[in-house]
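Novice: Each chain is listed here by its residues.
Protein chains: 2
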Amino acid sequence: MKITNLEKTPATRMNMKGAINVTRQIPISSRDGSPSFAFRVFTIEPGGNTPFHQHHYEHLNYVIQGSGKLKTASGEYTVTRGDFMLVQPNETHQYVNTDTSTSLVIICGVPVEYE
Amino acid sequence: MKITNLEKTPATRMNMKGAINVTRQIPISSRDGSPSFAFRVFTIEPGGNTPFHQHHYEHLNYVIQGSGKLKTASGEYTVTRGDFMLVQPNETHQYVNTDTSTSLVIICGVPVEYE
Chain A
-16 MKITNLEKTP ATRMNMKGAI NVTRQIPISS RDGSPSFAFR VFTIEPGGNT
34 PFHQHHYEHL NYVIQGSGKL KTASGEYTVT RGDFMLVQPN ETHQYVNTDT
84 STSLVIICGV PVEYE
Chain B
-16 MKITNLEKTP ATRMNMKGAI NVTRQIPISS RDGSPSFAFR VFTIEPGGNT
34 PFHQHHYEHL NYVIQGSGKL KTASGEYTVT RGDFMLVQPN ETHQYVNTDT
84 STSLVIICGV PVEYE
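Going line by line, the protein sequences match chains A and B.
Going by the working numbering, 59 is the number at position 76 of the first sequence; the sequence numbering is gapless.
Going by the working numbering, 77 is the number at position 94 of the second sequence; the sequence numbering is gapless.
Keep in mind that the hints are not guaranteed to be accurate.
Chain copies aren't distinguished; within one or between two, either way the pair holds.
Below, in silico cross-link-like pairs of lysine-lysine (DSS-like), each with a Cα-Cα straight-line distance of 25 Å or less [stated by the list, open to error]:
#1 Lys52 with Lys0
#2 Lys0 with Lys54
#3 Lys54 with Lys(-9)
If you're looking for bench data, these hints aren't it; they were derived computationally from the structure.
Produce the complete structure using the sequences and hints provided.
Specialist: Right, dumping it as C-alpha cells:
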C-alpha cells in the first residue's frame, strides 16, 4: 500500500535531449514494490515540450491539467484535461504545451522495468 | 495510438457483490492493443462503495475527482483528488465515497490480462 500525491513527490528536470521546460515525478514505481507498471508524471511548462522520440515500450497517459498537442509521425492531435492516450511501442511521439499560462500535467504509465 | 475521454467511453454498472452505486468505464485496454496494462475508471456516487475484496493482481490508482476512504485490512485512509494509490496484489481493499454531493472518480490501472 502506498498513498501519495504530487506535493510529496520529488521533481527533477527532464534532461533528455530535446526536452524543454519539463519536470518529472515518479509517484509509483519499482521502488514501491509495484509488480508490473509505474506512474511517472510530467509537468510541461507553457511553451515547453517533451522530446520527439520513440522507444520499444508503450505509454498509458492521462491529462491531469492543461492542454496541448500530441505530435506523432502520422499527425498531431489536441489533448486536454481528462483525455486518455495510448502511445504504442515504437510510435514516435512528443507532447507540446501550446498554452501560454497553464502547465500541461500528464500521467505517463510505463512497464515497471523502465522505472 | 488512441485518444479518448470519459464522455466517449461507455459506462456499465459494476455488478460485483458488495458494490453500491458504482459505474465502470474502460478507456484503455487489451481491445485497444495495449501491450501490458489497462486503465479502468470507477465512478462511485455519494454514499456508494466498491466491494471489500482482494485479488492476486495490483491496482495503480489516481483520484480524478472527489474524496473518500480507502479501507484495507490494516486500516483506512482518506484519499482525495490528486492522490495516487498503489494497492498490492492480495491486499484487501475498498473505496468508499464519504461525500454527500460529489462523485468519487478513480483511475484503476490493472495488468492487461484482466481487461
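Novice: Run every hint past the structure and note whether it holds.
Specialist: Here is what the structure says about each hint:
Taking the shortest Cα distances, Lys52 and Lys0 sit within 25 Å of each other inside one copy (19 Å), while across copies they are farther apart (42 Å). Taking the closest pair of Cα atoms, Lys0 and Lys54 come within 25 Å of each other only inside a single copy of the chain (17 Å); across copies the shortest separation is 43 Å, beyond that limit. In the homo-oligomer, the alpha carbons of Lys54 and Lys(-9) lie at most 25 Å apart only across protomers (21 Å), although the nearest pairing inside one protomer, at 31 Å, exceeds that limit.
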